[in-house]
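Number of protein chains: 4
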Amino acid sequence: MRGNKFGKLFSFVTFGESHGEALGVVVDGVSAGLDFDLEDLQRELDRRAPGRVAGTTNRKEADRAEVLSGVFEGKTLGTPIAVIVRNTNQRSGDYDKLKTEYRPGHADETTQSKYGIRDHRGGGRSSGRETLSRVIAGYFAGLMIPKINISAYISKMGPFEASLDDLKNAKNIAPYNFPLTEKNEEIKKYLLKLKAEGESVGGRISIHVTGVPKGLGEPAFDKLKADFAKGLLSIGACVSFSFGLGEEMANLKGSEVSSKRENFGGIEGGISNGEDIFLTTTFKPTSTIGEKAKEGRHDPCILPRAVPVVEAMVKCILADHLLRQRAYGDGVIDE
Amino acid sequence: MRGNKFGKLFSFVTFGESHGEALGVVVDGVSAGLDFDLEDLQRELDRRAPGRVAGTTNRKEADRAEVLSGVFEGKTLGTPIAVIVRNTNQRSGDYDKLKTEYRPGHADETTQSKYGIRDHRGGGRSSGRETLSRVIAGYFAGLMIPKINISAYISKMGPFEASLDDLKNAKNIAPYNFPLTEKNEEIKKYLLKLKAEGESVGGRISIHVTGVPKGLGEPAFDKLKADFAKGLLSIGACVSFSFGLGEEMANLKGSEVSSKRENFGGIEGGISNGEDIFLTTTFKPTSTIGEKAKEGRHDPCILPRAVPVVEAMVKCILADHLLRQRAYGDGVIDE
Amino acid sequence: MRGNKFGKLFSFVTFGESHGEALGVVVDGVSAGLDFDLEDLQRELDRRAPGRVAGTTNRKEADRAEVLSGVFEGKTLGTPIAVIVRNTNQRSGDYDKLKTEYRPGHADETTQSKYGIRDHRGGGRSSGRETLSRVIAGYFAGLMIPKINISAYISKMGPFEASLDDLKNAKNIAPYNFPLTEKNEEIKKYLLKLKAEGESVGGRISIHVTGVPKGLGEPAFDKLKADFAKGLLSIGACVSFSFGLGEEMANLKGSEVSSKRENFGGIEGGISNGEDIFLTTTFKPTSTIGEKAKEGRHDPCILPRAVPVVEAMVKCILADHLLRQRAYGDGVIDE
Amino acid sequence: MRGNKFGKLFSFVTFGESHGEALGVVVDGVSAGLDFDLEDLQRELDRRAPGRVAGTTNRKEADRAEVLSGVFEGKTLGTPIAVIVRNTNQRSGDYDKLKTEYRPGHADETTQSKYGIRDHRGGGRSSGRETLSRVIAGYFAGLMIPKINISAYISKMGPFEASLDDLKNAKNIAPYNFPLTEKNEEIKKYLLKLKAEGESVGGRISIHVTGVPKGLGEPAFDKLKADFAKGLLSIGACVSFSFGLGEEMANLKGSEVSSKRENFGGIEGGISNGEDIFLTTTFKPTSTIGEKAKEGRHDPCILPRAVPVVEAMVKCILADHLLRQRAYGDGVIDE
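If you read the sequences in order, they're chains A, B, C and D.
Each residue of the first sequence is one higher than the one before, starting from 409 at the first, in the numbering used here.
Each residue of the second sequence is one higher than the one before, starting from 409 at the first, in the numbering used here.
Each residue of the third sequence is one higher than the one before, starting from 409 at the first, in the numbering used here.
Each residue of the fourth sequence is one higher than the one before, starting from 409 at the first, in the numbering used here.
It is possible that some hints are incorrect.
As the list claims (entries may be wrong) - Chain C side only, calculated, beta carbon under 10 angstroms to chain D, not exhaustive:
{"hint": "1", "residue": "Met409"}
{"hint": "2", "residue": "Gly610"}
{"hint": "3", "residue": "Arg612"}
{"hint": "4", "residue": "Glu626"}
{"hint": "5", "residue": "Gly639"}
{"hint": "6", "residue": "Leu641"}
{"hint": "7", "residue": "Ile643"}
{"hint": "8", "residue": "Val647"}
{"hint": "9", "residue": "Ser648"}
{"hint": "10", "residue": "Gly652"}
{"hint": "11", "residue": "Glu655"}
{"hint": "12", "residue": "Ser663"}
{"hint": "13", "residue": "Val665"}
{"hint": "14", "residue": "Ser695"}
Stated by the list, open to error - Covered by chain A, per the in silico footprint, the following chain D stretches (three or more residues, Cβ under 8 angstroms):
{"hint": "15", "stretch": "412-418"}
{"hint": "16", "stretch": "427-440"}
As the list claims (entries may be wrong) - Straight-line alpha carbon distances no greater than 30 angstroms define the calculated DSS-like cross-link-like pairs of lysine-lysine that follow:
{"hint": "17", "chain 1": "B", "residue 1": "Lys597", "chain 2": "A", "residue 2": "Lys668"}
{"hint": "18", "chain 1": "C", "residue 1": "Lys597", "chain 2": "D", "residue 2": "Lys661"}
{"hint": "19", "chain 1": "B", "residue 1": "Lys661", "chain 2": "A", "residue 2": "Lys596"}
{"hint": "20", "chain 1": "B", "residue 1": "Lys416", "chain 2": "D", "residue 2": "Lys622"}
{"hint": "21", "chain 1": "B", "residue 1": "Lys483", "chain 2": "D", "residue 2": "Lys416"}
{"hint": "22", "chain 1": "C", "residue 1": "Lys555", "chain 2": "C", "residue 2": "Lys576"}
{"hint": "23", "chain 1": "D", "residue 1": "Lys668", "chain 2": "C", "residue 2": "Lys601"}
{"hint": "24", "chain 1": "D", "residue 1": "Lys596", "chain 2": "C", "residue 2": "Lys668"}
{"hint": "25", "chain 1": "D", "residue 1": "Lys661", "chain 2": "C", "residue 2": "Lys601"}
{"hint": "26", "chain 1": "B", "residue 1": "Lys668", "chain 2": "A", "residue 2": "Lys596"}
{"hint": "27", "chain 1": "C", "residue 1": "Lys622", "chain 2": "D", "residue 2": "Lys416"}
{"hint": "28", "chain 1": "A", "residue 1": "Lys668", "chain 2": "B", "residue 2": "Lys596"}
{"hint": "29", "chain 1": "C", "residue 1": "Lys416", "chain 2": "B", "residue 2": "Lys416"}
{"hint": "30", "chain 1": "A", "residue 1": "Lys661", "chain 2": "B", "residue 2": "Lys591"}
{"hint": "31", "chain 1": "B", "residue 1": "Lys622", "chain 2": "D", "residue 2": "Lys483"}
{"hint": "32", "chain 1": "B", "residue 1": "Lys661", "chain 2": "A", "residue 2": "Lys601"}
{"hint": "33", "chain 1": "A", "residue 1": "Lys661", "chain 2": "B", "residue 2": "Lys597"}
{"hint": "34", "chain 1": "D", "residue 1": "Lys597", "chain 2": "C", "residue 2": "Lys661"}
{"hint": "35", "chain 1": "A", "residue 1": "Lys597", "chain 2": "B", "residue 2": "Lys661"}
{"hint": "36", "chain 1": "D", "residue 1": "Lys601", "chain 2": "C", "residue 2": "Lys668"}
{"hint": "37", "chain 1": "A", "residue 1": "Lys601", "chain 2": "B", "residue 2": "Lys668"}
{"hint": "38", "chain 1": "D", "residue 1": "Lys555", "chain 2": "B", "residue 2": "Lys416"}
{"hint": "39", "chain 1": "C", "residue 1": "Lys416", "chain 2": "D", "residue 2": "Lys416"}
{"hint": "40", "chain 1": "B", "residue 1": "Lys661", "chain 2": "A", "residue 2": "Lys591"}
Hints were generated in silico from the structure; no laboratory data involved.
Built from N, CA and C at the ideal position, the CB exists for glycine as well.
So here's chain A without its partners, still in its complex pose (with noise of 0.2 angstroms):
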């Protein structure tokens, strides 16, 4: 009960500080006999970790998956999957300052006032590391829905942005995520003088789903815009979700909104209509800056690796929903 579970029928509970021995999810709801590959839940981390990306953090972590139940000869077993990531490549030194220091926009002085203990090495539990539990849960989430396709990509990012047509036109859009990729030296120069003025930049997360089928999401109070605004927020950093034409919708009439269906971002009534889900979330700037920045080994924007996380809560969300719509069935269920 303390906020570490996600989910009801496909769930999983993360645990770890950034510090500690290791991090790590366990997944349950997972059916049975699907195929698991280690090396695609690896490739999956991959994307997620800080190093890769020139111009955003230059701390390498090796964040090598080990599965420690659920599967066999290559297989799901339905049993739940413990997955865990070793701490290695953590400098905890770095952080003794700030054993008595609360960094702002950090969850420390919030985190030692709630508890009144804290790891205060590299953000304890609410460490972006955390987010690393996420990507895997969301990998075993995918196998359930191998038909939706989930496509998170930087829409803002200072000033860059791109639209969906622009996604859609795109290939490859790693490492950054942002789909105008003759853009990338552009970027990586910006990220990089950022990061030398100790300055930081937020941005927004746009993401399409298809083959989503009509009728997800549990009225009243698990519509499926509600799950998905829950799972997006409660990432670290994200202060805003919407969904269809979201904060525009405030400056439309009735019959300007009713004239696209797309204008209602594939769900209505809190269900999905079986249309492409379209949905936007902000992140805020990355709260290390000046001083501390420098010394550290920040981030001076985490949007590009913020993009698998977002595509795994929407992919957990999804599986979830999939699981309860198959549970209620019409009629009697003992045939």
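Once you have looked at the hints, place chains B, C and D on chain A.
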């Protein structure tokens, strides 16, 4: 597990179709020994009812609350509190055409797909009347947190905009729940005009919360911002949520954000920091437009009536988190 | 989180004090499209009511079920089903002395300690009348599992004992729910005598279930036997649960047990094996004895009336597990 | 939702197949600031391990606990505590025959039906090794309730019987956890003889709890007796639960029961009354008998090793209920 329950330690289950026998709620987790006043509850309900605000719908719903359990001699017992509201003024005949028609943007078609059956009269369970159950739950949550003050207000509706400062200068913002009350006549004309045109408009509702103690919110997944997002997005017609600077964060640098503590909107690391909390939601225009709107008795804008619903959800979430914070103290628990 | 909800995918929340306005239940997870018959529901309730069985209490409770939501044109909608029963025949005056007295074995004192307040009339929420909410929930669970047959019967009450074979040879075991119906006159005399003496007696209720498919039960903690144990022990006055050979297992060797498959009682490894299920529960004697019993209108033995409550709980547990089993299939879920 | 989680406010999730990489548990709800001692945890685990009790299995399992998260500088952080135990001494070859065979009374066949796939080695997830995860969780629950004392002991095993008085007179009841320690040599001979014959025996484990405050238990469904029943019946091989006089209640009249308060076993109306709590469970004989038993390395009686598992479950349930009781106080909660 059908999404009919909200909350964990302070929770409630809602039920009722808009043209069924009654709507209602069972509220669980209300402390024992609180003073209960039926007239106060009724007043909260009245804030939400249609037909009381000129320019909005002319349906008059005599929503009388009947408390069936959980209170005794003017005090709460700590047992579940069931409250119902009979459906008395529903003109089912108005909806006969809808037995085989789906209104765009409503849950009609998605509900039919999902369940294979639906009560076509007035939106069934997905009707706006479902929100009265939330308002009732919010009343009881409010009894548990008298030191916390929650003020929701319309910050944008058509051409009308208001700020937090406007709210601070306002006395009583009923009936439109818009801070610049000198505009009330203009608003009335504007809404009546929309109605005559068969049009509708959306807008934004902002929320200002004071008196929240430090330490509320449960990382990693039940962060306070995540639970707010879910509770608010679960309201029909709500299409976005943000806190603090929200979407504006996408345009700022780290130094600009950290300069003012209130840019964090009262939440850091997903946990309340003891400062005022600022939230914003966007609502889309009412989906019944054109001919159907002129025939029926719909709202050209639901925002005034959504304000008490928004407050109710925020109250329920804060009561839930305060109970959770109280459960977990340090050290031994059997003293 | 106050223990007022039972079940996960098929779940229900109960409410109501025995001398409050009404008791009731909100049932969640009932499939859409099932045929609903109010008279059948009423018949189930009548099996439980006091005053209908000679020799048991002479209170007549006119328990009329009122369905408030979740059904339409004779079919379930898949939305929450709220049913209430008004308290009409409660003689609150009988309990005035109890405002400051605690009846031994009842929840009076423990409830006062726990909540600091209680409705002293008739046992408040802990009254036996709470069981009618369970019977209502059981009715709806039964609609979902028509192929499963659940028969509960008294296997011991005072000097009277019956076996499963006796049950198989019996036609209609009402009103005492004891298989050897030729003993009914004797039983009536026995109970009236106990009542006159201000005495009470307990006994055993056994349950025989047929038609349960293989595979129900969720290791490690929601094993079918564990959920049965919880549901049955939650009934007031129930003091033990066992399945298969139960306590007799303590006297046997492994070879003796394995020799007959039915010794496992239909459950192996906590999962149903497709065979008949055999459960047994013990109920303690009614706690109101002596003077208070003679003044009031209590049961010298609650077993006949507990039988439909026991069946209801077993039905709810099986419906819940069938939904859970249906949710989790193999492989992909978005076909 | 697959039954892998136990508890609400103090909860834990277990994982691991007996022949997979590791078993483990993630414990949630442990208060921050408690003293943690790895050696104490290891000692608890050792009580459960096979191979240490002459006459029981000769498998030696080197169960070393590795704590991965949730503790720092010898204290709990209030964050999830993950502990794993690597599987080191599992002779998978022993089980090759079982790829296509089902052992009666085990979960082999029911698991295959349920999931369509299973890890046939050693019982997979349903193995007795799963209980070490429970013992670990029980260790942490124990840190939270130091004033409560839980003593489980064998009250019947084959020809050996002991009473609560015998327990009170005993000093250290290891290794058999049977109070009449002067019988230890006899017991050893008895068990070795059973093993040689390929036989097995079940028995009863009783539990005596002191120091439980009044008021624990949440009517209507999470009564303390109901949660005890579920937690204990969830242990493999457990086939019955009772409290107070248990099944003996079927033979008594009301006056006989009310005469001694301890006949209620410390629970009235489903809520603890502050008196000592008495619980009893029955375990069936180990299912591997005959040839398979002689070849393998099984227990002729699991009762000695089940005693710490029983204590662990009772601790977890009490910690959970104490947290729930602490959450709900009277009146306002924002002081």
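How the hints compare with the structure:
no.: 1; hint: Met409; in the structure: holds (6 angstroms)
no.: 2; hint: Gly610; in the structure: holds (5 angstroms)
no.: 3; hint: Arg612; in the structure: holds (5 angstroms)
no.: 4; hint: Glu626; in the structure: holds (3 angstroms)
no.: 5; hint: Gly639; in the structure: holds (8 angstroms)
no.: 6; hint: Leu641; in the structure: holds (4 angstroms)
no.: 7; hint: Ile643; in the structure: holds (9 angstroms)
no.: 8; hint: Val647; in the structure: holds (5 angstroms)
no.: 9; hint: Ser648; in the structure: holds (3 angstroms)
no.: 10; hint: Gly652; in the structure: holds (6 angstroms)
no.: 11; hint: Glu655; in the structure: holds (5 angstroms)
no.: 12; hint: Ser663; in the structure: holds (6 angstroms)
no.: 13; hint: Val665; in the structure: holds (6 angstroms)
no.: 14; hint: Ser695; in the structure: holds (7 angstroms)
no.: 15; hint: 412-418; in the structure: holds (count 4)
no.: 16; hint: 427-440; in the structure: holds (count 9)
no.: 17; hint: B:Lys597 - A:Lys668; in the structure: holds (28 angstroms)
no.: 18; hint: C:Lys597 - D:Lys661; in the structure: holds (16 angstroms)
no.: 19; hint: B:Lys661 - A:Lys596; in the structure: holds (17 angstroms)
no.: 20; hint: B:Lys416 - D:Lys622; in the structure: holds (24 angstroms)
no.: 21; hint: B:Lys483 - D:Lys416; in the structure: holds (28 angstroms)
no.: 22; hint: C:Lys555 - C:Lys576; in the structure: holds (18 angstroms)
no.: 23; hint: D:Lys668 - C:Lys601; in the structure: holds (24 angstroms)
no.: 24; hint: D:Lys596 - C:Lys668; in the structure: holds (29 angstroms)
no.: 25; hint: D:Lys661 - C:Lys601; in the structure: holds (13 angstroms)
no.: 26; hint: B:Lys668 - A:Lys596; in the structure: holds (29 angstroms)
no.: 27; hint: C:Lys622 - D:Lys416; in the structure: holds (29 angstroms)
no.: 28; hint: A:Lys668 - B:Lys596; in the structure: holds (29 angstroms)
no.: 29; hint: C:Lys416 - B:Lys416; in the structure: holds (14 angstroms)
no.: 30; hint: A:Lys661 - B:Lys591; in the structure: holds (20 angstroms)
no.: 31; hint: B:Lys622 - D:Lys483; in the structure: holds (23 angstroms)
no.: 32; hint: B:Lys661 - A:Lys601; in the structure: holds (13 angstroms)
no.: 33; hint: A:Lys661 - B:Lys597; in the structure: holds (16 angstroms)
no.: 34; hint: D:Lys597 - C:Lys661; in the structure: holds (16 angstroms)
no.: 35; hint: A:Lys597 - B:Lys661; in the structure: holds (16 angstroms)
no.: 36; hint: D:Lys601 - C:Lys668; in the structure: holds (24 angstroms)
no.: 37; hint: A:Lys601 - B:Lys668; in the structure: holds (24 angstroms)
no.: 38; hint: D:Lys555 - B:Lys416; in the structure: holds (28 angstroms)
no.: 39; hint: C:Lys416 - D:Lys416; in the structure: holds (13 angstroms)
no.: 40; hint: B:Lys661 - A:Lys591; in the structure: holds (20 angstroms)
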